[in-house]
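There are 2 protein chains.
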Amino acid sequence: MKRKSKGLSKREQLLNTALELFARQGIHATGIDTIAEQSRVTKKTLYAHFHSKDELVLAVLRHYDGLARNEFMRHVERRGKTPQARLLAIFDVAQRWFQQNNFYGCLFINTIGEYSDADTPIRQICKEYKKLVKGYIRELCEQAGALDPNELAEELALILEGATVTAQVSQNPKTAHIAKRAAKALIDKAIPQTRSTRSAHSQ
Amino acid sequence: MKRKSKGLSKREQLLNTALELFARQGIHATGIDTIAEQSRVTKKTLYAHFHSKDELVLAVLRHYDGLARNEFMRHVERRGKTPQARLLAIFDVAQRWFQQNNFYGCLFINTIGEYSDADTPIRQICKEYKKLVKGYIRELCEQAGALDPNELAEELALILEGATVTAQVSQNPKTAHIAKRAAKALIDKAIPQTRSTRSAHSQ
DNA sequence: TATTACATATACAGATCTGTATACTTTCAA
DNA sequence: TTGAAAGTATACAGATCTGTATATGTAATA
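From first to last, the protein sequence lines are chains F and Z.
The numbering of the first sequence is the numbering used here, which starts it at 20 and goes up by one.
The numbering of the second sequence is the numbering used here, which starts it at 20 and goes up by one.
Since the hints were made in silico from the structure, they are not lab data.
Among the hints, erroneous ones may be present.
[Stated by the list, open to error] Restraint ranges, calculated between C-beta atoms of paired labels, are given here:
(1) K193/Z - K62/F: 43 to 49 angstroms
(2) D73/Z - D73/F: 24 to 30 angstroms
(3) K62/F - E96/Z: 55 to 61 angstroms
(4) S28/Z - Q57/F: 41 to 47 angstroms
(5) N120/F - E39/Z: 49 to 55 angstroms
(6) E158/F - R97/Z: 25 to 31 angstroms
(7) N120/F - R59/Z: 43 to 49 angstroms
(8) R98/F - S28/Z: 55 to 61 angstroms
(9) I51/Z - Q212/F: 56 to 62 angstroms
(10) D73/Z - E74/F: 17 to 23 angstroms
We treat Cβ as the ideally placed atom computed from N, Cα and C, and that holds for glycine.
Generate coordinates for the entire structure from the input sequences, incorporating the hints supplied.
So this is what it looks like as structure tokens:
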């Protein structure tokens, strides 16, 4: 056992601190010293775990990738019981996210804004994350019986993205509401209606 | 006359260079020295025009704000002749933007990712820009006869945002196509149909 | 108990960053 | 032609950044 108090290894402490700081301040604006101090760890230890800042950045992104996707899907699945309900629940989950006081937009989006080089692995992780989220949405669309699941998933993923960015800029969580409204319209249009949804689809 | 070759004042040269570098690399990653060198201007001259980096950043954002909004509206109005056509033309204009080789996403979004402080003037400029764009879209929605112009404008602005971010991440301009498709569905739903649009709105 | 792995404290090298200072040159208008 | 405005070239101050080095302390294991 090499755990200390709070049950967090040095490595996890560093990842959490770095995640918090990167998300709030951006990556270039966050120094290694600050991360080490705030993690109550020396720079030596930090560099023992991560050989460079770039490596730390990559580790943080991968760490957050798992964390975020997992939690996102978990909440969606708890909040909606049918696939179609889950597609809408996405935006309720988003709203709760936007309301958190440590919401600074999507880390991956913000990171890509700082790294425009097309072939940096940092970009690829961000790209991959978005792809996986869209894949999850597409699964839900398939299960919900959408005529063209991929098309609907593309649209919904795009709306989620727009809601996130708009919430970040406006600092107004009601953005999620707008997104949900738009999503509902598109879902109703894309899924052959049984009695499941109560939308104003005359006839 | 204090113009030099190419008809650009030192100030304009600096603003253009800084804009290009900020957009490509991000703000924190771009040094004053680089901006000065690339503008073929000494640091002394730079600081004679802008008293600090923050001031330069603000000037660049304001400069780009005018430039971008103006060009955006100009293209939309040239490409679409009726208000409703213009609402769709937004996404054609966006597509052309995404295809440019110096497209690095929305400068304002990227900038907000680097400045999370709620009350920094930098944030306010970004926020204001988005508000003005949405205002323009709302005007078009009103002219197009939308039942609830504000609601439709919120949705379309959100979709545009989502398309921009998604194009930035995926580096695939077809995102604009997805956005246009979603927008069309929402527009058709929000505007009482005359014979103007040829959508598959059975009866 | 001795070893090994991991951590600390602290200092430093070398680069880069923002911003200023000094001294010289060009431009143009009164 | 003279004088002010604006620009150049260059150096530097002081802070901060990434990354390394040295020497010491601690905790569990063999």
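Checked hints:
Here the CB-CB span from K193/Z to K62/F is close to 45 angstroms, well matched to the stated 43 to 49 angstroms. Take D73/Z and D73/F: their Cβ atoms lie about 27 angstroms apart, and the range 24 to 30 angstroms holds. The supplied range of 55 to 61 angstroms is met by K62/F and E96/Z, whose beta-carbon atoms lie about 56 angstroms from each other. About 45 angstroms separates the C-beta atoms of S28/Z and Q57/F, a value consistent with the hinted range of 41 to 47 angstroms.
Take N120/F and E39/Z: their Cβ atoms lie about 35 angstroms apart, and the range 49 to 55 angstroms is violated. Separated by about 42 angstroms at the C-beta atoms, E158/F and R97/Z break the suggested range of 25 to 31 angstroms. Roughly 46 angstroms separates the CB atoms of N120/F and R59/Z, a value that falls within the hinted 43 to 49 angstroms. Our hint of 55 to 61 angstroms for R98/F and S28/Z holds, since their Cβ atoms are close to 57 angstroms apart.
Evaluation of the 56 to 62 angstroms hint for I51/Z and Q212/F yields a pass: the beta carbon distance comes to about 60 angstroms. The given range of 17 to 23 angstroms is broken by D73/Z and E74/F, whose C-beta atoms sit roughly 31 angstroms from each other.
Violation of the numbered hints given earlier is confined to hints 5, 6 and 10; the remaining hints are satisfied by the structure.
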